[in-house]
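Student: Here is what each chain is made of, one letter per residue.
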Amino acid sequence: MITLSVNGQPRQLKVPDEMPLLWVLRDELDLKGTKFGCGVAQCGACTVHIDGEPVRACITPVGGIGDGKVVTIEGIAGNRQGRAIQEAWLELDVIQCGYCQAGQIMTATALLTQNPTPDDAAIDVAMEGNLCRCATYKRIRAAIKSASGQPVDDTRNRGTEA
Amino acid sequence: METTRRLFLKSGVLAGGGLLLGFGLSACTEKDDPGPVTAVTDYVAISSDGIVTLIAKNPEIGQGVMTSLPMLIAEELDVLWANVRIETAASDDKRFGAQFAGGSMATALEYMPMRQVGAAARWLLIEAAARRMKATHDAFTTKAGKVRHKDGTTFDYGELAAEAALLAPPDPTKLTLKDPKNFLLIGKTQKGYDNPKIVRGEPIFGIDVSLPGMLYAVYLKSPVYGARLISCDLSAAKAANGVKDVFVLKGTDMHGLKDGIAIVATSWWYAQAARALLSPVWDEAVGKLHDSEIYSQTAKTLLLGEGEVKEKRGNADAALRSATHTFDAEYNVPFLAHVPMEPQNCTAVVKAEGVEIWAPTQQPNDGKALIAKTLSIDPAIVTVHMRRCGGGFGRRLENDYMAEAAAIAQKAGAPVKLVWAREDDVAHDFFRPGGYYRVRAGVDASGKLAAYISHSVNFTREGKIVQGDEVAGNAFALTVAPHTRIEFSKIETTIPTGYLRAPVSNALAFVHETFCDEIAHGAGQDPIAFRLAHLNAHIDDYNGDRFGGYNPSRMRAVLKTVEERSGWRSRASGKGEGMGVATYFSHHGYFAEVAKVRVTDDGKWRVLKVWAVGDVGNQIVNPSAAKNQVEGAVMDGIGSMSAEITFSKGRAVQTNFQDIPMMRMPQAPEVDVQFVLSEFPPTGLGEPALPPVIPAVANAIFAACGVRLRQLPLTEQDLRAAIDTART
Ligand code: FES
Ligand code: FES
Numbered sequence: 000m001i002t003l004s005v006n007g008q009p010r011q012l013k014v015p016d017e018m019p020l021l022w023v024l025r026d027e028l029d030l031k032g033t034k035f036g037c038g039v040a041q042c043g044a045c046t047v048h049i050d051g052e053p054v055r056a057c058i059t060p061v062g063g064i065g066d067g068k069v070v071t072i073e074g075i076a077g078n079r080q081g082r083a084i085q086e087a088w089l090e091l092d093v094i095q096c097g098y099c100q101a102g103q104i105m106t107a108t109a110l111l112t113q114n115p116t117p118d119d120a121a122i123d124v125a126m127e128g129n130l131c132r133c134a135t136y137k138r139i140r141a142a143i144k145s146a147s148g149q150p151v152d153d154t155r156n157r158g159t160e161a
Numbered sequence: 000m001e002t003t004r005r006l007f008l009k010s011g012v013l014a015g016g017g018l019l020l021g022f023g024l025s026a027c028t029e030k031d032d033p034g035p036v037t038a039v040t041d042y043v044a045i046s047s048d049g050i051v052t053l054i055a056k057n058p059e060i061g062q063g064v065m066t067s068l069p070m071l072i073a074e075e076l077d078v079l080w081a082n083v084r085i086e087t088a089a090s091d092d093k094r095f096g097a098q099f100a101g102g103s104m105a106t107a108l109e110y111m112p113m114r115q116v117g118a119a120a121r122w123l124l125i126e127a128a129a130r131r132m133k134a135t136h137d138a139f140t141t142k143a144g145k146v147r148h149k150d151g152t153t154f155d156y157g158e159l160a161a162e163a164a165l166l167a168p169p170d171p172t173k174l175t176l177k178d179p180k181n182f183l184l185i186g187k188t189q190k191g192y193d194n195p196k197i198v199r200g201e202p203i204f205g206i207d208v209s210l211p212g213m214l215y216a217v218y219l220k221s222p223v224y225g226a227r228l229i230s231c232d233l234s235a236a237k238a239a240n241g242v243k244d245v246f247v248l249k250g251t252d253m254h255g256l257k258d259g260i261a262i263v264a265t266s267w268w269y270a271q272a273a274r275a276l277l278s279p280v281w282d283e284a285v286g287k288l289h290d291s292e293i294y295s296q297t298a299k300t301l302l303l304g305e306g307e308v309k310e311k312r313g314n315a316d317a318a319l320r321s322a323t324h325t326f327d328a329e330y331n332v333p334f335l336a337h338v339p340m341e342p343q344n345c346t347a348v349v350k351a352e353g354v355e356i357w358a359p360t361q362q363p364n365d366g367k368a369l370i371a372k373t374l375s376i377d378p379a380i381v382t383v384h385m386r387r388c389g390g391g392f393g394r395r396l397e398n399d400y401m402a403e404a405a406a407i408a409q410k411a412g413a414p415v416k417l418v419w420a421r422e423d424d425v426a427h428d429f430f431r432p433g434g435y436y437r438v439r440a441g442v443d444a445s446g447k448l449a450a451y452i453s454h455s456v457n458f459t460r461e462g463k464i465v466q467g468d469e470v471a472g473n474a475f476a477l478t479v480a481p482h483t484r485i486e487f488s489k490i491e492t493t494i495p496t497g498y499l500r501a502p503v504s505n506a507l508a509f510v511h512e513t514f515c516d517e518i519a520h521g522a523g524q525d526p527i528a529f530r531l532a533h534l535n536a537h538i539d540d541y542n543g544d545r546f547g548g549y550n551p552s553r554m555r556a557v558l559k560t561v562e563e564r565s566g567w568r569s570r571a572s573g574k575g576e577g578m579g580v581a582t583y584f585s586h587h588g589y590f591a592e593v594a595k596v597r598v599t600d601d602g603k604w605r606v607l608k609v610w611a612v613g614d615v616g617n618q619i620v621n622p623s624a625a626k627n628q629v630e631g632a633v634m635d636g637i638g639s640m641s642a643e644i645t646f647s648k649g650r651a652v653q654t655n656f657q658d659i660p661m662m663r664m665p666q667a668p669e670v671d672v673q674f675v676l677s678e679f680p681p682t683g684l685g686e687p688a689l690p691p692v693i694p695a696v697a698n699a700i701f702a703a704c705g706v707r708l709r710q711l712p713l714t715e716q717d718l719r720a721a722i723d724t725a726r727t
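So the protein lines, in turn, are chains W and Z.
Residue numbers are given in numbering that gives the first Met the number 0: position 7 of the first sequence equals residue 6, and the series is strictly consecutive.
Residue numbers are given in numbering that gives the first Met the number 0: position 120 of the second sequence equals residue 119, and the series is strictly consecutive.
None of these hints come from the bench; they were simulated from the model.
Hints are supplied without guarantee of correctness; some may be wrong.
List time: in silico BS3-like cross-link candidates among lysine-lysine, alpha-carbon distance up to 30 angstroms [as the list claims (entries may be wrong)]:
# : chain 1 : residue 1 : chain 2 : residue 2
1 : Z       : 608       : W       : 144
2 : W       : 144       : Z       : 603
3 : Z       : 237       : W       : 13
If the Cβ cut is set under 8 angstroms, some of the chain W residues that face chain Z in the computed set are [claimed, not checked]:
# : residue
4 : 19
5 : 41
6 : 73
7 : 99
Keep in mind it's a predicted model, so treat the numbers as computed, not measured.
We put the beta carbon where it would ideally sit given N, CA and C, even for glycine.
The shape of chain W in the complex, shown without the other chains:
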């Protein structure tokens, strides 16, 4: 029996140690917000926090987490930066298909926690591992800046008038 802290709740699990956290969350705990994209740490769709650090749940065996505190997209609103990121994502209408966005939000929240006002270079480094197949990068960048109180050139509504 493994005991895991997920979004502040202790959860009891009867799974092998090597089962990746991603599948524990999705199939055992029915927390479907964390997404499967590649299974090999190449896309970032499965990003969650363990003790505030962004990790790829698809390659993290559940048995190695110990008393690390896991936070998923379902719990990110409990974090001040997480809430700010969610709000900025909505305000700037970032999303296309949305499938990558849980991972993007988790990585962006961890970035803001470590660096309250990231510049473009810091955003590039932090976000490079998170693929967005719809390529909403321009808006993700703007939303991270907006959530961190930096000025944003919001061009969403420009260029559509006669």
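Starting from the known structure of chain W, fit chain Z with the ligands onto it as the hints suggest.
Tutor: Only chain Z with the ligands this time, still in chain W's reference frame:
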């Protein structure tokens, strides 16, 4: 739970484009009691507290139709967007007409019908008020969910809905729609309806479906297309942790179920882990000769000879001979994978009395038919629930994973969720076909294109050009040159191909628009001035076919606008920076784009900025979403320039994202988007912004470092080698 009777005003699109309206009656249950709910059409339900539920008829793949189509209804219905709730339609083409996400068609096809639905519902509400007050329609106005009589009497839609639903519906084509200058919603940004759920991680995608007693499956197929299963020892996998069953299925259809081995387990990971315990023996001989090296050797030889003539105008050979400047070049593009972010998946419950399916799909009703065929059952007993798709890009026009899930669930006798690993998705894509091209052109003494000859090598299956491929597209040069010939040669392939975002155009734009830049430079002309001169010469040749014909004046307008916005005339070049331009007409949309790139001596290239100007008609429905589509399409196009799928002995060599370079945050350029509003009806935006960015970047690289790029993907090594060669 309370059961409410819902009245439906039956509607559907008639063959001639009109809307068919009629009544139906059905019962439904409401989870939270919003008071009596009345459906005034198949698309509109109004509760007594004024909440209006609108139906989004098409699959949502990130293109925004779940929000934009209901906006069209809400506009004419005159309701507050804050009071609108959106639900995805049932997959039912009898009620909703064609339901698909493809070809950037939703706006073009639905702009009028959806507005008419809203207008018809509004008419019924006014009629109900008119009957109450024994007055005529002209005594009433509507606003924000209320009908108001000129004497000041007002009714909430909620109180009229039940009466309205009992009335005979109007002929929607006779209704007067709003003057666009009075639009309150159309043309004003409404944010993606599902966005709040997405940022909270709610389970709304196909892959998130969860049913009581559900099992999970993987389906192992040969990576060689068309291979047959000879034998497989299933015992080790059957004994593995969490595994419930392992069985073989016989393939029936290259677009559906293929030979394979299903592993069904209590968690997806158990099924996936058990896969390593299978060592199937396949007959893979069919793939032997299907190899990228062999394909490219064959194509080289074919391009030396003549092709089969598909189309010609005038005498291209003679015009070429008498031309002042002549050009002759070979281009090629690779196969590409779709890799939508959400891997293919489908959840199925198969019982004798009916089959229920949940899937991310771009063609739900085709999926229904495919499942019926696969299981040999009546399509009428198949219910398909459209789920939000984590991207589509054309991959989910194919429903092979739905056929697999249904066949596995039938045999397993339990609800089953099939999920493909990313490796399955790459191996079993319906790829964007590669292609090889020789293009020749002649420019006369006046600087005009006199001749243009295109010889393509196209892939075929059983002699027919494969899906997702064509011989010629809407190339500008082919449109304007007086003497043209389009010829093609064939290479037979076993590789499954399909439609990738802006199919055909995503390859041909690169070939013809990069070559166009070569021609302009070779003839000593500015690439924009060169195009404008030819467009001007043909400005009156538009044949009036809005959807088929190339309209030179629309292209001229976007090209002039991008010239201005990008500061084209005062552009600085050299020092490894350069700007390039390209145009393309596809999916009814006209786009001209300028890219600015930086190239360093070591072959690294980066797109700094793209200016995209498009004409997709007289109205942008949802500005923020429209711009998001253009930004995404531009970046998608640039990203695709680094990717390729190659084949060895009939199987894809690449397996996952580590082999498929994609655009990521550090490579994302600035994108400046501008729409030019023309007099034409609105059309879609998922695709047309993509094709021109590829040649625009190729042309910018030429401007930056003098290297003419004729082959994709563009790797750093190739570019560095070309820069070195150009130096020596
Ligand atoms: S699923 Fe974990 S990084 Fe892609
Ligand atoms: S929004 Fe579709 S993958 Fe990012």
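Student: Does each hint fit the structure? Answer for all of them.
Tutor: These are the hints, each one checked on the structure:
no. : hint          : in the structure
1   : Z:608 x W:144 : holds, 19 angstroms
2   : W:144 x Z:603 : holds, 28 angstroms
3   : Z:237 x W:13  : holds, 20 angstroms
4   : 19            : holds, 7 angstroms
5   : 41            : holds, 4 angstroms
6   : 73            : holds, 5 angstroms
7   : 99            : holds, 5 angstroms
In this structure, none of the earlier numbered hints is contradicted; all agree with it.
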